[in-house]
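Chemist: Sequence:
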Amino acid sequence: MKIVRLNIGPLTIELSGVTEQEIPVNSRLFLDHKPATKEADRYYTFYFVNRLPLPSNDWQITFQRNDIVVFRKEEQETRLLAVGNLNACYALYQERNERDANIYFIEGLKRELQTDTLFISCLCLERPLSVQGCYILHCTFLDYRGQAILFSGPSGIGKSTHANLWCRHIPGTQVLNGDRALLCPLPNGDYEITGWPVCGSSGICHNERRPLEAIVFIEQASDNTIRPQTAMKHFKALCSQVTINWWNPKLTGKALDDLQVLTRQTSISTYACNMNPEAAFTLHRYLTKLEIIR
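Residue 4 is where the sequence shown starts when you use the working numbering, and the numbers rise one by one after that.
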C-alpha cells in the first residue's frame, strides 16, 4: 500500500495502512505528491479492527467527557474517541513515542473515515502543532487582497454571514475556510494563516497561506460599532476559540504564553454589528484608516 504524506501547516505527516481515497476530500487538498526528500514530522499507522484495544494498566486516565477519554503515560498520550457518548467509540489513538502513533479504527465504520472531523480527530494534530507555537482557531478565514482577516466568535454569531458581506461588497475578497484556520508564528515575529482540512457546514476549504493582518471578534448588535476592549479580554476571547488540550498542564501553559504574545503583536478588534451591507463597509473603513489592511 502506498504511503500517504500530507503537509498541514509546518508539519509533514506520513500515513500508512490507509489510502488516499479513504481519507476525506478536503484532506486530499493537503497531499504531498513530491518525492520525499526528508523525514516526516509525524508517522501514523492505521489498523482497522472489529474491536478497539484497551490501554494497558500503565496508562492512567487524565481527562474524560462524553466524546473522549485521554490516557497518559509519562509524556505519551492515548485517546479513546467517540461520537456523542462513550458507547459509540470509533477509534483509539495511541502514541508509541513523540513521532509515531497507532490509530485503531472500527472496521464497520470505515466509511465514516471520510468525515473531516473524525479523520482529523484521529491524528490529534494540535499536540505536535502546539509544540511549534501553532494553534487551530475557530473562525472564518477571509482573504482580502492577499492578506488574512479572521472573523472569530461563538458558533452562530454571524462570522460566515459577515464574511459573505465582504465577498459581495468589498472587492478583492474571498473566503478560504468557513470554520477553521491555523495560526503559525514566523521567525520575524509576524504570523501566517494556513488552511485547515475541516471547514464545518460552509463547505469552503482551501490549502492556502496568507500573512495575518487582523483578528475580529464578531458580536451581534443593531448598529455597527467597534467596541474597545482590553488586551486581557481579547486574550480570553482567543483562548475560548483556540483548540487547547486543557488536560495537559505543560502544553496548556505554553499555549497561554504563546497566545499572550499573539495578543500583543496582532491587531485584534471586537466588532458589534448587524448583517446589513453597511456592516462590511464600516469595518473595512476602520481597518483601512488604521492602516491594518492595505
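Treat the hints with care, since some could be wrong.
Calculated lysine-lysine pairs in the DSS-like style (CA-CA distance at most 30 Å, straight line) [said to hold, decoys possible]:
1. K37 <-> K76
2. K41 <-> K239
3. K239 <-> K292
4. K37 <-> K113
5. K5 <-> K41
6. K41 <-> K253
The hints are simulated quantities; they were obtained by calculation from the structure and are not laboratory data.
Chemist: Against the structure, test the hints numbered earlier, and report the numbers of the ones violated in rising order.
Modeler: 1 and 2
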